[in-house]
Amino acid sequence: MSGMTGPCRAPRPVVTMRGVGMAYRRHEVFRDVSVDLAAGRILGVLGPNGSGKTTLLRLMVGLIRARAGQVLVGDRAPTHGMAGAPVAYFGGEATLPGGALAGEWASLCGGERSPDRQRVQSLSRGARQQLGLRTVLSRSPIALIVLDEPWEGLDPDASRWLSRALIARRDEGAAVVLSSHRLHDLAGVCDEYLFLANGTATVVSASHINPGGPVTGEHLMVWFERTRGGAQWSDSWR
Amino acid sequence: MRAAFRFFWVARVHSGLLLGSLAAMGVVGLGVLAVAPERGVDAAVPVLLLHMFAVSSGFFASARRGHFDLLLTSGAPRRTVALAHWAYSVAPGVAVWLLLGAGELVLGSAPGAVWSTGSLAAAGLVSTLGWAVGVALPRFLGGVVWLAILFAALGAGGASRSLLLAVADGQGAGWTLGVVAVAAPLLFVGVRLAADQVLWVVPALLAGVLSCGWAVRAIVRADIALQAAP
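Chains as they are written, first to last, in the numbering used here: chain A, 1 to 238; chain B, 1 to 230.
Source of the hints: derived by calculation from the structure; they are not laboratory data.
Heads up, a few of these hints could be off.
[Said to hold, decoys possible] Part of the chain A face toward chain B, derived, beta carbon under 8 Å: (1) Thr54; (2) Pro86; (3) Ala100.
Note that the structure is a prediction, hence the values are computed from the model and not measured.
Where is the CB? At the ideal position from N, CA and C, for every residue including glycine.
Please model the complete structure; the sequences and the hints are all you need to start from.
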C-alpha cells in the first residue's frame, strides 16, 4: 500500500538514546537518559559544569561507550566512530593540534586547501574555534552534527555566521546537537532542549517551553531552575 | 588508510625538529659511509636512536586531548586508524634506515652494518615494540625509558655490563640474547648473529609483533574521554 493513504509516520530518528547511563569508575555522571532526535532538528544540551554534557556528546559520536542503555546513530551503535550515518563532531578549539598548519587542517574534510601557513597554536582562540568549526562543517554529506560549546571564543559576526550555518544544515536535513552555556545563542537555533542536572536528563521541546512564541535565554534559565530543583546555578549564567 | 596517514601528517604527529634531525643524521651517515664504508655502525646508531624516539609517538596522550577527534569520527575503522598511526610513526626512521642501507650497498664493498642480522633485528624491535609501548605513554617517553635501561645496565657494572658488552661484540648466547634485544636493541646494531643466536632473538621479534597487535586492539577498544590539556 502506498504510504500516502496511511497514517503520517514520524521520520526515523538520526540519534536514539534509550536508558543511557555513564560512569567514570565509581562516579556516576548521569543515568537513564533517553532522547530521539530526528533529521532536520536541533537539540540543545544544557547543564552546569561537570554535569556530563561533553560525555553525552562523545557517546553520540562513538568516542566512548555507554555503561548502560543503548545509543544508535542511524541504524547502528556508533562504536569506534563508525556511526550508521556520517557525523561531524567538534569538541572545541583546545582539541586542535597546535602544530598543524591552519590551511592544511581546513582541507581535511574536503574543504579547500588554503595557503595559510600559520600554525594552529599561533592563531587567536576565536580563529582556532572558527577553523575547527569550518573544517567539520565542510564535511559532506552530514547526517549528524555534534558541537561542544561551539560559540565559545567567537565574536558577534562569527557567532551569527555559526547560527546561520547550523540553521542551514538543519534545513538541509541534518540533525544537530549543541552543548552551550550561551543560552541566548542556543535559544536562537534549537528546536528541543535536553537539561542535564543531578545525573538526570529532561527533554523539552521549544514549543513546550514557550507555546506560540520564540524561546529566549530567560525562558531557558527558568526551565533549568525548574529541572534542577534549585536556583543557585542560574547566578553563574548572568 | 591513505586518508588516515595524511591526517597524521597534517596533525604533525612528528615534530619538524625530529624529522629534521633524522634527515640530518641520514645525510651525516651517508657522509660517514662515503669516507669510511666500514663504519656503518657509526652511521646507523644515531638513526636508530632517533627512531626510538620517533616511534614513541604516544597515541592515547594525543587522542585524549581530542587531537584525533576529526579522524576518529570520520567513519574510518579504528583498526585502520591504529595501523596508519603505526605506519606514520615508523615511516621516517625506516626511510632514513633504507637510505643508509642503500648508501652502504652502493659505497661499501661488502654487506655492511646496516644490513647485518643484528641491525635488522634491532630496527624491527624498535619499530614494533617501541610503538606498542609508546601508545600508552606520553610522547618520547618510550625512547627515554629505553635509554635509561641501557645506561643503567651499563653503569651498574659487573655481570650486566659484561653481558651487554658481550652482546655488542656478537658473543651473546642463550635466552639472555632475547632479553638484551628487548631491553637494549641499540647494542645489536652491526652485530652479525650466528644461526643459533638468531633462534634466541626470534622470540623477541615475535614479542614485538604481538605487542603491536595488543596496541592495535587497545586502540580499537578504547574509550577516548576528553582530558584537559596540561
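Exercise for the section: Output the numbers, in ascending order, of every earlier hint that fails for this structure. Expected result: none
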